[in-house]
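Just so you know, the sequences run in chain order A, B and C. Once you know that position 190 of the first sequence is 190 in this note's numbering, the rest is easy, because the numbers rise by one and skip nothing. Once you know that position 193 of the second sequence is 193 in this note's numbering, the rest is easy, because the numbers rise by one and skip nothing. Once you know that position 179 of the third sequence is 179 in this note's numbering, the rest is easy, because the numbers rise by one and skip nothing.
FYI, nobody ran anything at the bench for these hints, they're computed from the structure. Here the structure is a predicted model, which is why all the values come from computation and not from measurement. Errors might be hidden in some of the hints.
All copies of an identical chain are treated as equivalent in the list; a pair is satisfied when it fits inside any one copy or across any two copies.
[To be verified] Keeping only pairs whose Cα atoms sit at most 20 angstroms apart, straight-line, the calculated SDA-like set for lysine to any residue is: (1) Lys-153 - Met-1; (2) Lys-153 - Thr-175; (3) Lys-170 - Asp-121; (4) Lys-30 - Gln-216; (5) Lys-153 - Trp-211; (6) Lys-208 - Cys-198; (7) Lys-45 - Asn-63; (8) Lys-170 - Lys-208; (9) Lys-45 - Glu-126; (10) Lys-208 - Pro-196; (11) Lys-208 - Pro-113; (12) Lys-208 - Ile-138; (13) Lys-181 - Ala-118; (14) Lys-30 - Gly-105; (15) Lys-181 - Ala-122; (16) Lys-45 - Pro-113; (17) Lys-208 - Leu-112; (18) Lys-208 - Leu-119; (19) Lys-170 - Phe-32; (20) Lys-30 - Gly-14; (21) Lys-208 - Leu-60; (22) Lys-45 - Arg-87; (23) Lys-181 - Leu-119; (24) Lys-181 - Gln-207.
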Amino acid sequence: MATYLLVHGAWHTGRELEPVAAVIQAAGHKTFTSTINGNRPGDPKTIGLTEAIQSIVDYLVENNLNDVVLVGHSYGGMILTGVADRRPDRIRRLVYWNAFVPNNGESVYDMLPPQYIALFDAIAAERGDGSVMLPFPIWREAFINDADLDTAKRAYELLNPHPLKTLTDKILLTTNTGERKLAKSYINCTEDISLPHCYPWHPCLSQKLGWFRLVQVSGSHELCFSDPARLAQAIMVAGRD
Amino acid sequence: MATYLLVHGAWHTGRELEPVAAVIQAAGHKTFTSTINGNRPGDPKTIGLTEAIQSIVDYLVENNLNDVVLVGHSYGGMILTGVADRRPDRIRRLVYWNAFVPNNGESVYDMLPPQYIALFDAIAAERGDGSVMLPFPIWREAFINDADLDTAKRAYELLNPHPLKTLTDKILLTTNTGERKLAKSYINCTEDISLPHCYPWHPCLSQKLGWFRLVQVSGSHELCFSDPARLAQAIMVAGRD
Amino acid sequence: MATYLLVHGAWHTGRELEPVAAVIQAAGHKTFTSTINGNRPGDPKTIGLTEAIQSIVDYLVENNLNDVVLVGHSYGGMILTGVADRRPDRIRRLVYWNAFVPNNGESVYDMLPPQYIALFDAIAAERGDGSVMLPFPIWREAFINDADLDTAKRAYELLNPHPLKTLTDKILLTTNTGERKLAKSYINCTEDISLPHCYPWHPCLSQKLGWFRLVQVSGSHELCFSDPARLAQAIMVAGRD
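Sequences and hints are given; from them, build the entire structure.
Shown next as structure tokens:
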């Protein structure tokens with residue numbers, strides 16, 4: 001039985017992944033969820049990528065987690081990549097779930113199509129506290145397209161403003177993930193159009209992992225809300241040896 | 001509960017979509033099917049795209065349909081786009097189902113790979129009445145590849161010659177669908193190779209919608225024959241708010 | 001009821017396809033499996049592509065097989081293509097299952113991404129008997145990603161060293177398969193990343209068939225081990241008229 005640490009994406013906290021973790025735990029694994037610095041209630045929204053990564057490194061150390069299957073969603077791929085660069089000794093396998101795969105010197109912004117950059121810049125300018133939110137219509141159509149409207153609304157109410165700097169900061173790595181000897185998996189939800197399919201999560205970003213295991217599952221970017229059990233099964237297939 | 005109007009593709013009539021409409025109706029929605037001008041028995045095969053579009057605009061008005069979820073299949077995407085440009089006030093959402101998405105000035109021919117244009121031109125030249133038919137071997141292999149031979153044959157017998165001019169006429173739009181504020185969905189049948197997958201319905205054509213909801217379902221271009229209930233479910237997921 | 005001949009891929013023999021053949025046979029079809037020259041126990045590993053193709057031509061003739069649905073996996077696509085060029089009179093339909101589709105003058109090496117060529121050349125240089133093997137980590141992650149570790153290990157033990165010359169020899173054809181009048185199908189396992197998805201089996205290689213029937217099924221490159229019954233169903237959908 002393995003140890004899983006689930007790392008959420010932008011606008012989320014670890015709490016939204018608890019229903020997923022519960023299914024993995026029921027199958028006999030140890031599971032952990034944590035909230036990245038910048039997404040916890042009361043966190044300043046001026047947090048940058050380095051502090052965000054450090055908070056998950058600290059979580060690993062404080063909880064003395066070893067041999068961890070580290071799972072990252074979306075923006076969580078930045079965190080995974082940074083943690084793997086700083087503490088590869090604690091990791092059994094990296095599981096990217098529709099997640100960004102940065103090479104050294106890349107930011108989330110470097111992997112986003114221009115329509116998102118224009119949108120986020122405009123929203124952040126209006127908010128003025130360093131944070132960005134996702135407009136509901138885009139959430140409903142492009143992020144949680146597989147759920148009904150009620151589920152989409154309830155999930156949207158759980159979101160929190162995200163520190164923009166973590167999306168614009170360029171990551172510093174000693175080694176790109178593609179060159180690391182670590183075991184790697186990529187979970188691709190086949191209806192995830194949060195990145196448009198002419199520039200998709202898989203294979204555009206997944207291929208930066210080098211050799212990796214592919215797991216595909218039907219669902220949107222927010223399968224954690226629309227079908228947490230199905231997502232948990234995919235994570236266990238991706239995370240096993 | 002919503003109001004659905006299903007608009008067929010080339011060589012079809014509204015009648016072939018009735019088994020699909022029946023499932024949507026049984027779920028509590030109002031459903032309508034109509035046959036586009038040019039595809040009704042006895043229609044002259046010299047009909048062009050403008051008259052084809054107008055016939056569905058007329059259907060909306062004559063039946064006093066408002067707040068309609070307008071669903072279009074294949075060539076029906078041309079009609080959807082034209083109707084949305086003329087009467088956006090009557091539409092709740094556009095649902096393209098493996099359908100063409102033209103921008104202003106584009107024809108179906110502009111979105112077809114060269115092998116189809118050569119084929120259709122040759123067939124139309126031989127027929128000489130302005131119409132084109134689809135040869136059975138292509139129907140069987142590239143249009144209804146998920147059905148058995150009997151289903152493929154029975155469905156083929158329901159097809160009617162299609163007015164070629166509706167495929168070569170360029171659409172006139174005041175606004176491209178991608179710039180419209182209307183809600184939009186795209187249903188992609190994942191085994192649909194009526195357009196080859198190196199130049200596919202989704203994402204090549206779907207991306208012209210701008211922000212849209214993606215629904216994917218297993219099946220060929222002719223899921224209306226091979227599994228009408230599965231298609232109806234996909235339409236309801238695509239059509240809901 | 002039809003006659004199926006299943007042709008295996010590199011490192012395999014006909015024996016590994018017997019569980020698949022058994023399901024097809026139980027559905028009422030005649031089924032045959034054969035092992036390509038170069039993959040039989042004791043075969044010299046200096047065998048080239050011409051002898052490999054000839055061995056399946058001989059099998060057809062010796063067993064007096066006619067009207068055959070010829071199914072080829074991976075490297076088996078080279079064999080299918082060669083057999084169809086030499087004895088099209090004996091074939092009812094070609095079914096490529098995540099298989100190479102060579103045009104005249106092409107080798108497997110011409111269709112492989114550079115990382116495989118570097119890998120195979122290095123392994124063959126070390127072995128020194130003309131054969132190449134697949135390292136277990138690549139087998140586990142990129143070939144049989146949908147199975148558990150035990151299945152992956154048990155299947156790996158069944159593999160045999162493959163004659164490299166069959167992968168580097170260029171095929172000689174009188175007619176490319178895309179120009180042949182033969183019925184053709186392509187089965188694409190959607191999680192098959194043995195070829196990376198930025199240069200995938202389908203549609204990159206499948207499109208060389210010209211008009212063909214697409215069948216897709218969830219699974220890795222080695223669905224014959226991870227779910228032989230599901231593969232058999234896909235083969236029967238691909239192989240029917």
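Of the numbered hints stated earlier in the document, which are not met by this structure?
Violated hints: 2, 4, 7, 14, 16, 19, 21, 22; rest satisfied.
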